[in-house]
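With the hints as extra help, turn the sequences into a complete structure.
2 protein chains.
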Amino acid sequence: MNINRKLGVFGGGQLGRMLIQSAINFNWEVRTLDPDAQAPCRNISHFTQGALKDYQTVYEFGKSCDVLTIEIEAVNVEALKQLEKEGVKVFPQPHIIELIQDKRLQKQFYRQEQIPTADFVLTENREELMRYQDWLPAVHKLGKDGYDGRGVQILRSVEDLSKGFDAPGVLERMIPFEKELAVIVARNESGEVKAFPAVEMAFHPEHNLVEYLFAPAEISQATEVKAQEIAQTIISKLGMVGLLAVEMFLTKEGEILVNEIAPRPHNSGHHTIEANQVSQYEQHLRAIMNLPLGDTEALSPAAMVNVLGEAGFSGEARYEGLEEILQLKGVHLHLYGKTLTKPFRKMGHITITDQSVESLKEKAQFVKKHFKVKA
Amino acid sequence: MNINRKLGVFGGGQLGRMLIQSAINFNWEVRTLDPDAQAPCRNISHFTQGALKDYQTVYEFGKSCDVLTIEIEAVNVEALKQLEKEGVKVFPQPHIIELIQDKRLQKQFYRQEQIPTADFVLTENREELMRYQDWLPAVHKLGKDGYDGRGVQILRSVEDLSKGFDAPGVLERMIPFEKELAVIVARNESGEVKAFPAVEMAFHPEHNLVEYLFAPAEISQATEVKAQEIAQTIISKLGMVGLLAVEMFLTKEGEILVNEIAPRPHNSGHHTIEANQVSQYEQHLRAIMNLPLGDTEALSPAAMVNVLGEAGFSGEARYEGLEEILQLKGVHLHLYGKTLTKPFRKMGHITITDQSVESLKEKAQFVKKHFKVKA
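Chains as they are written, first to last, in UniProt numbering: chain A, 1 to 375; chain B, 1 to 375.
Please note that a few of the clues may not be correct.
You can't tell identical chains apart in this list, so a pair holds if it fits in one copy or across any two.
[What the hints assert, rightly or not] EDC-like cross-link-like pairs, simulated, lysine to aspartate or glutamate; straight-line CA separation at most 16 angstroms:
hint : residue 1 : residue 2
1    : K179      : E224
2    : K329      : D295
3    : K329      : E297
4    : K329      : E362
Simulated from the structure, these hints should not be mistaken for lab results.
Below, the structure is given as structure tokens:
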């Protein structure tokens, strides 16, 4: 077995940080590239400051590594394609990153492969968007460069149409869903595929970020199987190597519709670090290094609470309530090494494990109430 | 809560490496000092190459940090005492490191505090040692600078006495023990004390290193309680802040005798990363940062297998059998980032978790048989 390999990661954020924590166990030397000199990976990897969208920067960084992966999709795909041509392993493969960078291509892929998803039309500009009054209520998504709640508009009324994007986008029917689910699935180079159990997400009503997550999702066995199958189908049809997070709506009628996919470790899989046999990070590493995938079994019910910068505070982060929450059994802190806080910035997450779902939910509320990031 | 602190670690080996994996979650910037330019912590911390026994090196490194700890005992204590005087937090405290650096002082401490331990005499040189023929069979230990099986001689016959150390040492009665146990206990600055459940160790007959470890130890509830109490008593009597590993003999008569102590994360606690609510590494960090200690409850039975360099191989390490062992559920790999292997060098460890003790033992045997470090 060839280990001691150099793993290059595009992006030096929290996902890279947790990937490094896992890569250490495999003797892989991690190199990270990020435009921010204060990126969370700066002190725990061979860190290069540079632009992820710049061809030459991406190419040169990539040439110094044996295997390349991403922790953010917004990377120069042309450079990745060239690196792939020159024999560097790039997982997920560049053409898949390209597909996922564009929500319009993503939606067309679902349609073509008969993967259930909300009905949609492509829109080129705001003027064209105005024609779709009969699609309301709807969601307008920017084709490219949306991230973490940015690049998405909810359009309820005719007046709202003017808030839509004046750039190529996709207009989707609004789904009156019962729950939002996510399944993380992995596929290695040999074609082995394994899905994690579905999780249930609760979004913050205002800023459209995951606020809580519960695992396992409270759904029927049939829905669980269906959700995992859909995720497995997508990664297999893509022929993708790596980790794919599939966010889905469960409708009131019990239908599952795919909402978004991300070809990398994902916010909806953080709890796997403590709550599953294998974590999403180790699974991603196993997939891209073509090692056998780990067993995804859940060891315990878990809740994940995002630690977001408190509204009204910007500046050097101060954490309140650490002592209080660390007194609780099964509370696992993960801070992301960010010096500065601002409203709703993701500063960390906390996973809570507890065999009792009731006690789990109480602890999640306690953590949410007592742990604050201020400045 | 004051986080974002600079934690200085003396020693940049595998214990430091796993401590860093945990410190990342708390936003602590870790700085390590080690004489070896290829030390396991070199790429994942702010690394300084330098001698741990040199006053000036230790002092200057220490001045750049807010809190100092060790992952090896062999550090210049005078420099640590000076740093402590100047207000740097040093945990474990320098006078405790000094005590533990000297096995003679350790044994006298047990006697003075009525902590059960094998009967002993102090010896100044080999000539004096020769007088103790009536103590055989016995164990002769070098007072200072022993480490990982070095500095210990088993003396069975009168001829063996000449193998004893010609330097200040301690001669202990050989204990015909039933089992070797270890309890890891932590104490924070506020005086809170928590012990992990006892584990059972199996040593390799030749090279005196832990070969396997099983948790929980197969002992009576009464012995479990007694073992934990002894560990708690020692750390409390020492008034020590940090993590203390207490290795003990369980005699055929059910008596517990303290063998050795180590004031830091320890080989006998690696399994806590996956098998307990809190890991020994996080517990150590909580203790030295004066945070509430974590719950030590075991989540699963576990086995820990040390990954040692195969006899007969020296040079750049190659790992055999990785694919085979990673196919097993509950097998957790931890490699230590060492480039070169040599016979019996600790290259990593593997923790196996399984709710069935029988299956756990089978997997431990499988791992031991299939995973090899060669060159």
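Going through the numbered hints above, which ones does this structure break? Give me the numbers in ascending order.
Hint check: nothing fails, all pass.
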